[in-house]
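Chains as they are written, first to last, in my numbering: chain F, 1 to 342; chain X, 1 to 338.
Everything labelled a hint here was simulated from the structure, so no lab data went into it. Every clue listed holds true.
The following residues of chain F were derived to be distant from chain X, with all beta-carbon distances above 10 Å:
# : residue
1 : G124
2 : A140
3 : L144
4 : A169
5 : A208
6 : T232
Dumping the calculated SDA-like pairs for lysine to any residue here, alpha-carbon to alpha-carbon at most 20 Å:
# : chain 1 : residue 1 : chain 2 : residue 2
7 : X       : K91       : F       : T177
8 : X       : K91       : X       : N103
9 : F       : K42       : X       : R238
In this text the structure is predicted, and so the values were computed from the model without any measurement. Glycine included, each C-beta is placed from N, C-alpha and C at the ideal position.
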Amino acid sequence: MRPLTPKRVAWICLGLGLVLFGAAVISLRIGAYPISVVDIVKTLFSGILGRWDSIPTEHRSIVFDVRLPRILLAVLVGASLSTAGSGFQALLRNPLADPYVLGVSSGAALGAIIALIAAPHVPGAVQLAAFGGAAATTAAVYFLGRRGGQLDSATLLLAGIVAASFLSAIIMFLMTTLSGRDLRGMAFWLMGDLASTLPTNPLPWFEALFFVFVVAAGAIYATSSDLNLILTGEQEARHLGVNVHRVKLVVYIAASVLTGLAVSVSGTIGYVGLLVPHVMRMLFGTDYRLLIPTSAIGGAILVLLADTLARSIVSPTELPVGAMTALAGAPVFIYLMRRRMR
Amino acid sequence: MEFVTILMQALRSPIAAVLFSALIIRAAPTFAAQNATRAVRDEVGRAITVPAEVKRIVSLAPNLTETVYALGLEDLLVGDTNFCDTPEAAKSKPHVGDPQNPNIEAVVALHPDLVLATTSINRPETADALKRLGIPVYTTDPHTVRAMLDSTSHIAEMMGAAQQGEILVGKLQQRLDALHARLSDRPMVHVLFIVWLDPLQSIGQGTFIADALRWAGAESAITSDQPWPHLSIEEVVRVQPDYIVFAENHLGATTDELADLRVRPVWRDLDAVETGHVLNISEEIERPSPGLVGVIEQLARDVHPEAFSAAKGLPVVSSSEKLATLTGCAEGFTTCAR
Numbered sequence: 001m002r003p004l005t006p007k008r009v010a011w012i013c014l015g016l017g018l019v020l021f022g023a024a025v026i027s028l029r030i031g032a033y034p035i036s037v038v039d040i041v042k043t044l045f046s047g048i049l050g051r052w053d054s055i056p057t058e059h060r061s062i063v064f065d066v067r068l069p070r071i072l073l074a075v076l077v078g079a080s081l082s083t084a085g086s087g088f089q090a091l092l093r094n095p096l097a098d099p100y101v102l103g104v105s106s107g108a109a110l111g112a113i114i115a116l117i118a119a120p121h122v123p124g125a126v127q128l129a130a131f132g133g134a135a136a137t138t139a140a141v142y143f144l145g146r147r148g149g150q151l152d153s154a155t156l157l158l159a160g161i162v163a164a165s166f167l168s169a170i171i172m173f174l175m176t177t178l179s180g181r182d183l184r185g186m187a188f189w190l191m192g193d194l195a196s197t198l199p200t201n202p203l204p205w206f207e208a209l210f211f212v213f214v215v216a217a218g219a220i221y222a223t224s225s226d227l228n229l230i231l232t233g234e235q236e237a238r239h240l241g242v243n244v245h246r247v248k249l250v251v252y253i254a255a256s257v258l259t260g261l262a263v264s265v266s267g268t269i270g271y272v273g274l275l276v277p278h279v280m281r282m283l284f285g286t287d288y289r290l291l292i293p294t295s296a297i298g299g300a301i302l303v304l305l306a307d308t309l310a311r312s313i314v315s316p317t318e319l320p321v322g323a324m325t326a327l328a329g330a331p332v333f334i335y336l337m338r339r340r341m342r
Numbered sequence: 001m002e003f004v005t006i007l008m009q010a011l012r013s014p015i016a017a018v019l020f021s022a023l024i025i026r027a028a029p030t031f032a033a034q035n036a037t038r039a040v041r042d043e044v045g046r047a048i049t050v051p052a053e054v055k056r057i058v059s060l061a062p063n064l065t066e067t068v069y070a071l072g073l074e075d076l077l078v079g080d081t082n083f084c085d086t087p088e089a090a091k092s093k094p095h096v097g098d099p100q101n102p103n104i105e106a107v108v109a110l111h112p113d114l115v116l117a118t119t120s121i122n123r124p125e126t127a128d129a130l131k132r133l134g135i136p137v138y139t140t141d142p143h144t145v146r147a148m149l150d151s152t153s154h155i156a157e158m159m160g161a162a163q164q165g166e167i168l169v170g171k172l173q174q175r176l177d178a179l180h181a182r183l184s185d186r187p188m189v190h191v192l193f194i195v196w197l198d199p200l201q202s203i204g205q206g207t208f209i210a211d212a213l214r215w216a217g218a219e220s221a222i223t224s225d226q227p228w229p230h231l232s233i234e235e236v237v238r239v240q241p242d243y244i245v246f247a248e249n250h251l252g253a254t255t256d257e258l259a260d261l262r263v264r265p266v267w268r269d270l271d272a273v274e275t276g277h278v279l280n281i282s283e284e285i286e287r288p289s290p291g292l293v294g295v296i297e298q299l300a301r302d303v304h305p306e307a308f309s310a311a312k313g314l315p316v317v318s319s320s321e322k323l324a325t326l327t328g329c330a331e332g333f334t335t336c337a338r
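Using the sequences provided together with the hints, build the complete structure.
Quick look at the structure:
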């Protein structure tokens, strides 16, 4: 195993970044509206230069209001979920931890739905409520998952499953109090969906979301050396001067923020936080200093490709992206699990 | 042998006598009623046995409740659902729960001799459960506006009011024919019917709503085979509908859909939004009931105003208004078309 240098991290991230760029180009090209590559490039340049005279309104609409925002959203959600996943895996010292499996996504969804019912037009209310739901669920699952003061792997996963089904029951109850047609929209959103219409002025909204992502993901990244030590054993880490309690608190809050952020804009997209860190571990090793950035970019690639598929395979009908990630994620995860066991 | 003696004694006791006579008295009218029944098939092909004279009915769907009121048979209606809101009086009938999941015991407690259900909102399991309890369920299955008229006739017939049914259906058919004649030389306008805005969901060509739209001279711009397709917004930009049509009461509905769409990215650049061709019609467009005809007429007037100009005379408008008040269908009708 080669030693991990900042240079190696940079090269690997650059390589993955190029893959992500390629995925974005493909995604920009595909859609129900027929528009040629030449027209896309023309529209992009006109947009950058701010000269709209020669560009049809429809092209501007498709490129700048439909496809680019959706690509950004997929990147944001994918990166958030897999960073949160790698954070939860370190925090709970369990490779099967993931916002979806632990019920944290369901908690965020419940918070978001309550906000959608109670305060549908208050800006930021859905995001805050989703974060609150995620944080409360993480705490509940954490305490339920302990046995004799120790965090027990199997108990923890069971606690997550129970929390998820309990929260789903509350969500079902809330949804049945809405009328039948409202149910359809909510059900689609619950499966994970990136098609939501953007706010009137999307730029500051995107800036705010990316700012929150950078802060939360940065916080987890800042603890990566400590996480490496904690993963070898909490006692040992403590002896080496790591403030285990504080590191865990930071990761816990940051991972909950990231989950709440992703769920509030896209519903519950499953398996990303589980699948991507696993693949990255297999490719690049278990060092968290490399695992966190590669997981973030890998998650962005996965969700972007899944969403591109979701909106193109039965075009012009759209599938929920969460169904795509689960379809792809569950079998791959089973394969990974069986390989580990061998 | 001792057991038999005790039993004989028990049977001779006054209490047993009372119980027995009570059983016989209760059973007697049942036998009498069974003589006057008829066997029919409902619209989904179930064989049911209905008393010749139906006196107590329970409706399990809003459109059926509305049909019963339109026929003037509301006195026979002893129960409906929490969703039955049209006409206003339907809200004060005893409720048996939601259409998808009615409380079977509540239905039985109302002693109906006929229950009305419909495929679009009720589940077949409900009809099965009631059938096992000896309560006949007539299920309607209309997929077009014409089939809705047939269902109305069937319901009238089941309730022993074939004549009322004939009159009502005749009037409705007349209005539809008049509308058809008026719009015969008009090209179809292309509309995007919004079931759900965010995420975007519209209707397929095979739905009841699509058929109702066609009667109004409006064609759904979406050519999907699925009943409720989730659409890419890109498809809307591609087809550029002439009108965008909302039905009332969808979640997140603001008072003014047009103002909302004018500030939404992508939507604000659509031709229909720029020209203000955004309509909000009654959610009765989704209900296979007599009130639907009034909604169709209103929509036709909104999307084909030139066909209703004064030069063309006003017979449809006047007759529709008369019947609209009868069925209470044109209430709460709003439009934001300029």
